[in-house]
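**Student:** Residue numbers for the sequence shown follow the numbering used here, so the first one is 1 and each next one is one higher.
Since the hints were made in silico from the structure, they are not lab data.
Just so it is clear, CB atoms sit at the ideal spot from N, CA and C, and this is done for glycine as well.
Hints are supplied without guarantee of correctness; some may be wrong.
To be verified - Here are the computed lysine to any residue pairs in the SDA-like style, where the Cα-Cα straight-line distance is at most 20 Å: (1) Lys442 x Gln423; (2) Lys54 x Glu8; (3) Lys54 x Glu386; (4) Lys54 x Ala42; (5) Lys273 x Thr406; (6) Lys309 x Ala19; (7) Lys421 x Glu386; (8) Lys54 x Asp105; (9) Lys392 x Glu361; (10) Lys54 x Phe64; (11) Lys442 x Asp354; (12) Lys392 x Thr323; (13) Lys54 x Leu310; (14) Lys347 x Thr323; (15) Lys399 x Lys273; (16) Lys309 x Pro66; (17) Lys399 x Trp345; (18) Lys434 x Val414; (19) Lys421 x Ser397; (20) Lys312 x Val89; (21) Lys399 x Lys421; (22) Lys54 x Val76; (23) Lys399 x Phe64; (24) Lys54 x Thr301; (25) Lys347 x Pro391; (26) Lys392 x Thr406; (27) Lys347 x Thr301.
Said to hold, decoys possible - What follows is a list of derived Cβ distance ranges for each label pair: (28) Thr411 x Ala33: 47 to 55 Å; (29) His52 x Ser425: 54 to 62 Å; (30) Asn2 x Asp73: 18 to 26 Å; (31) Glu169 x Ser435: 18 to 26 Å; (32) Met20 x Leu311: 49 to 57 Å; (33) Asn2 x His36: 50 to 58 Å; (34) Gln30 x Gly426: 53 to 61 Å.
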Amino acid sequence: MNMMMSDENHRDIYISTVAMPPFMYCPSCQDMAIAHPGDPNAKCLQHGFMLHMKYQVVYPFPTFQPAFQLKKDQVVLLNTSYSLVACAVSVHTSDDSNFCQILYDRSRQTRAPVVEVNHTSLISHCPEGLEKGLEKDNCSCQSETPLTLAVPPQDIDTHISPAVAMAKEFVADIFRRAKEARGSAPVEESAAAGGTELKCLLDSGALRQDTLGSWDLRKTLESCLHGSVAHSSTSSTGTSSVSDIGSSPKESFIANFELESLPAEPGYVNYTKLRYVLEPNDSEAEDEYEDDKISLPFVVTDLLGRNLKLLKEKAVCEGQYLTVEQLALDFEYVINEVIRNDASWSKQFCSFSDYDIVILEVCPETNQVIINIGLLLLAFPSPDEEGQLRPKTYHTSLKVAWDLNTGIFVTVSVGDLTEVKGQTSGSVWSSYRKSCVDMVMKWLVPESSGRYVNRMTNEALHKGCSLKFLADNEHYTWIVL
């Protein structure tokens, strides 16, 4: 890692990640050595890649926290002043069946348990007229095959939540009243009339979708409604409504549940995954592109400085390839969302002028990152204060937990507003970082040597100690400052 001063308010950060050389040649390294005799840098991609990154930070310049930023294997956390970027580097082979995505693996997100619900439990609350009208139709509510539905965890024991049961009773009452109003109308007419009222109910938005949890009752009722209407309209002609539709209501019903059982992807997640392969011939260097302040630009080479070729998303390659993943958390978005949703003083808030981010803890097992966001902001004083209500400068802090598995962040706590009186921004950030250090020391728990990260200065290197001697004997992780 190297830092250079660009100007008074900017610093350029250069970071190089180098593959750990093996103690002895692996089979792939032996093949490379045979192909390039006499070349000491002839290594396979697993043991011979270099990843170079450059980004610019602004005042207040973020602190470098190697104990936290390198705590998770194969991942480095980088504070770019604008975002926190988790960068993961791994090498795989084309026939690797154990490929595991390090960051943002949606398969790890919790999904609603899948249980089988018999059709009798779904039809138990359906009105009598509609039940008879659907006996001749293929509606999913009257199917003899059990449906596989995603049920919320709190409803596993009963299969049907109270909200669903109440909604079904409500709809059943609509059909009963419609039937009583028409007297002894035929079943088909009752079903059609009830369906009309139900359609009006659905269109009016009286049944809100978000009040039913993971059970999409609206889709269920619409499926039943469309089945009953199709039955009443085709009973006179003797044709089946299913032949006019590409898929049966049952199939669409199950498809809806399968789609909705997947957790929704938050709009603020910024994730990229790129693959690189070493071409046999020298590759031309890629054109430089601007830093978008979220994802980091980087260059991937081998030990000889040859650029690796970027693979297209669905391209198939042979042999080894390098995967670079980036998951970014935009600070300004987080600040605005936390203030808007969780701050008790959100109505007093005007704008923030500056912020500083400090990592408080990283849990490699759960992939959780706890960060503290220090804020300088303008806000109106409390309405209880006397005098003219003009915005004042305050300082506060926001604690946020970021999940590297899902990219989702949650608010841990929001601090109170502390008025800044006669303090410079430098003194504010100095006291803020000291408080963060005190907090980390309170949370500190001794760990095994495998979790330590060795930091070495140039002075240690000048004393004649080799990297191999000073490096961690388990993970071989070191930083040269």
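**Student:** All hints are to be evaluated individually against the structure, with a verdict given for each.
**Tutor:** Here is what the structure says about each hint:
1. Lys442 x Gln423: Judged against 20 Å, a Cα distance of about 27 Å means the pair is violated.
2. Lys54 x Glu8: Answer holds: Lys54 to Glu8 is near 18 Å, not above 20 Å.
3. Lys54 x Glu386: 50 Å, violated
4. Lys54 x Ala42: Given pair Lys54, Ala42 is violated - Cα atoms ~26 Å apart, limit 20 Å.
5. Lys273 x Thr406: OK: Lys273 and Thr406 at ~15 Å, within 20 Å.
6. Lys309 x Ala19: This hinted pair holds, its Cα atoms lying about 18 Å apart.
7. Lys421 x Glu386: Holds, at about 18 Å.
8. Lys54 x Asp105: Outside the cut-off at roughly 26 Å; violated.
9. Lys392 x Glu361: Not satisfied, since the Cα-Cα distance of roughly 32 Å exceeds 20 Å.
10. Lys54 x Phe64: Holds, at about 15 Å.
11. Lys442 x Asp354: Violated - the C-alpha atoms of Asp354 and Lys442 are around 27 Å apart, more than 20 Å.
12. Lys392 x Thr323: Violated, because 48 Å separates the two Cα atoms, which is more than 20 Å.
13. Lys54 x Leu310: 18 Å, holds
14. Lys347 x Thr323: Between Lys347 and Thr323 the Cα gap is close to 45 Å, so the pair fails against 20 Å, i.e. violated.
15. Lys399 x Lys273: 28 Å, violated
16. Lys309 x Pro66: With a Cα-Cα distance of about 30 Å, the restraint between Lys309 and Pro66 is violated, given a limit of 20 Å.
17. Lys399 x Trp345: OK: Lys399 and Trp345 at ~16 Å, within 20 Å.
18. Lys434 x Val414: 18 Å, holds
19. Lys421 x Ser397: 17 Å, holds
20. Lys312 x Val89: 17 Å, holds
21. Lys399 x Lys421: 24 Å, violated
22. Lys54 x Val76: Answer holds: Lys54 to Val76 is near 14 Å, not above 20 Å.
23. Lys399 x Phe64: 19 Å, holds
24. Lys54 x Thr301: Distance of about 15 Å is within 20 Å: holds.
25. Lys347 x Pro391: 12 Å, holds
26. Lys392 x Thr406: Given pair Lys392, Thr406 is violated - Cα atoms ~37 Å apart, limit 20 Å.
27. Lys347 x Thr301: Roughly 51 Å separates the two Cα atoms, so the pair is violated.
28. Thr411 x Ala33: 47 to 55 Å: 54 Å, holds
29. His52 x Ser425: 54 to 62 Å: 33 Å Cβ-Cβ, so the 54 to 62 Å window is violated.
30. Asn2 x Asp73: 18 to 26 Å: 24 Å, holds
31. Glu169 x Ser435: 18 to 26 Å: 56 Å, violated
32. Met20 x Leu311: 49 to 57 Å: Once the Cβ atoms are compared, 24 Å apart, the range 49 to 57 Å for Leu311 and Met20 is violated.
33. Asn2 x His36: 50 to 58 Å: 30 Å, violated
34. Gln30 x Gly426: 53 to 61 Å: 56 Å, holds
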